[in-house]
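J.: Listed here are the chains, written in short residue letters.
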Amino acid sequence: GQQVMQIPQYQHVQEGEDFTTYCNSSTTLSNIQWYKQRPGGHPVFLIQLVKSGEVKKQKRLTFQFGEAKKNSSLHITATQTTDVGTYFCAGALNNAGNMLTFGGGTRLMVKP
Amino acid sequence: GAVVSQHPSRVICKSGTSVKIECRSLDFQATTMFWYRQFPKQSLMLMATSNEGSKATYEQGVEKDKFLINHASLTLSTLTVTSAHPEDSSFYICSASWASGRGADTQYFGPGTRLTVL
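These protein sequence lines map, in sequence, to chains W and D. Per the numbering used here, the very first residue in the first sequence carries number 1; after that it's consecutive. Per the numbering used here, the very first residue in the second sequence carries number 113; after that it's consecutive.
Okay, chain W solo, but in the shape it has when bound (with noise of 0.2 Å):
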């Protein structure tokens, strides 16, 4: 069946350090979602990416779908305490009709 793995599943950094999560898939994705878990909430939808190779951009937070839409990348410029937080990755295959395959998440911690 389809795997998204995520890395890495902790990190710490020091407040206004950058911070990059990646997500893989063992299948090709029709599109990949991100969601932000804060500590004893729930998933907040973040993006959604569908094309091959596309960029977006949230303020500080830069998303990227690799070319073969088989990976994905989430980057966090000088971060902020509020950046705290577990990152998934949720792919989508074309065939699955609503259903996402969520990675691992990674587990950010930011010291102030």
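Check the hints yourself; a few may be wrong.
Calculated lysine to any residue pairs in the SDA-like style (CA-CA distance at most 25 Å, straight line) [as the list claims (entries may be wrong)]: (1) K36(W) to V115(D); (2) K176(D) to T143(D); (3) K36(W) to Q141(D); (4) K153(D) to Q3(W); (5) K153(D) to V55(W); (6) K36(W) to Q150(D); (7) K153(D) to E54(W); (8) K56(W) to K132(D); (9) K176(D) to M99(W); (10) K70(W) to E171(D); (11) K59(W) to K132(D); (12) K153(D) to T81(W); (13) K111(W) to Q11(W); (14) K178(D) to A114(D); (15) K59(W) to V115(D).
Taking beta-carbon pairs under 7 Å as the criterion, some of the chain W residues facing chain D (in silico) [unchecked claim]: (16) Y22; (17) F45; (18) G104.
FRET-style restraints, in silico, Cβ to Cβ [to be verified]: (19) R122(D) to V44(W): 49 to 55 Å; (20) L138(D) to R38(W): 40 to 46 Å; (21) E67(W) to T228(D): 15 to 21 Å; (22) T228(D) to V44(W): 20 to 26 Å; (23) A78(W) to T228(D): 29 to 35 Å; (24) S130(D) to Y10(W): 32 to 38 Å; (25) K111(W) to K153(D): 15 to 21 Å; (26) G128(D) to R60(W): 46 to 52 Å.
Read the hints as simulated data drawn from the structure, not as lab findings. From the three backbone atoms N, C-alpha and C, an ideal C-beta is built for every residue, glycine too.
Based on the hints, put chain D in the right spot on chain W.
T.: Only chain D this time, still in chain W's reference frame:
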């Protein structure tokens, strides 16, 4: 917009009892609702997918008779954990989406239900 509510937020029950969790899409009609289970510091594990008016599709390893899912309307899905045992203690999260016809759609998550079985 796209708000999903879940009730209850927390429940503590005795072993052997059944617990029902409700998931509602408040401001949109959800063609599909998903039920996930999340253990501490782990990812979301999809349990089942349900479409309004039809039987839920369960993921491998999820017992249909133990986790009963009903999706009676476009705004409500319920998950009933029958004869709960301590190993069923977990964080249960639902999500809802509507079919845009453009592949996998954004899922909007409920706040989750923390189930503790004593």
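J.: Now, for every hint given, state plainly whether the structure supports it.
T.: Hints versus structure:
Taken as a hint, the K36(W) and V115(D) pair is honoured in the structure, with Cα atoms around 16 Å apart against an allowance of 25 Å. Between the alpha carbons of K176(D) and T143(D) the distance comes to roughly 21 Å, so the proposed pair stays at or under 25 Å and holds. Distance hint between K36(W) and Q141(D) is fulfilled; the C-alpha atoms sit about 24 Å from each other, no more than 25 Å. Annotation: proposed proximity of K153(D) to Q3(W) holds, straight-line Cα distance about 19 Å (limit 25 Å).
For the proposed pair K153(D) and V55(W), the alpha carbon gap of about 29 Å is over 25 Å, so the pair is violated. Between K36(W) and Q150(D) the CA atoms are separated by roughly 14 Å; this keeps the pair inside 25 Å, and the hint holds. About 30 Å separates the Cα atoms of K153(D) and E54(W), which puts this hinted pair outside 25 Å; it is violated. For the hint linking K56(W) to K132(D), the alpha-carbon distance of about 40 Å lies beyond 25 Å, and the restraint is violated.
Our distance criterion of 25 Å between C-alpha atoms is met by K176(D) and M99(W), whose separation comes to about 18 Å. At roughly 23 Å between alpha-carbon atoms, K70(W) and E171(D) fall within 25 Å of each other, so this suggested pair holds. Between K59(W) and K132(D) the alpha-carbon distance is near 40 Å, which puts this suggested pair outside the 25 Å criterion. For the suggested pair K153(D) and T81(W), the alpha carbons sit about 19 Å apart, so the restraint of at most 25 Å is met.
Restraint check for K111(W) and Q11(W): the C-alpha separation of about 11 Å stays at or below 25 Å, so the hint holds. At roughly 30 Å between alpha-carbon atoms, K178(D) and A114(D) are farther apart than 25 Å, so this suggested pair is violated. Of the pairs offered as hints, the one joining K59(W) and V115(D) holds, with about 24 Å between alpha carbons and a cut-off of 25 Å not exceeded. The beta carbon of Y22(W) comes no nearer than 15 Å to any beta carbon in chain D, farther than 7 Å, and the hint placing it at the interface is violated.
A hinted interface residue such as F45(W) counts as satisfied when its beta carbon comes closer than 7 Å to some beta carbon of chain D; here the least separation is about 5 Å, so the hint holds. Here the hint on G104(W) is kept, as its CB sits about 5 Å from the closest CB of chain D, short of 7 Å. The hinted window of 49 to 55 Å between R122(D) and V44(W) is violated, with their beta carbons roughly 20 Å apart. The beta-carbon spacing between L138(D) and R38(W), approximately 21 Å, falls outside the hinted interval of 40 to 46 Å.
For the hinted restraint 15 to 21 Å between E67(W) and T228(D), the CB-CB distance of approximately 46 Å leaves it violated. Separated by about 24 Å at the C-beta atoms, T228(D) and V44(W) satisfy the suggested range of 20 to 26 Å. Remark: the range hint 29 to 35 Å for A78(W) to T228(D) is contradicted by a beta-carbon distance near 39 Å. Against the hinted window of 32 to 38 Å, the Cβ-Cβ separation of S130(D) and Y10(W) comes to about 37 Å, which satisfies the hint.
Between K111(W) and K153(D), the C-beta spacing of about 19 Å keeps the proposed range 15 to 21 Å intact. A hinted range of 46 to 52 Å for the beta carbons of G128(D) and R60(W) is consistent with their spacing of about 50 Å.
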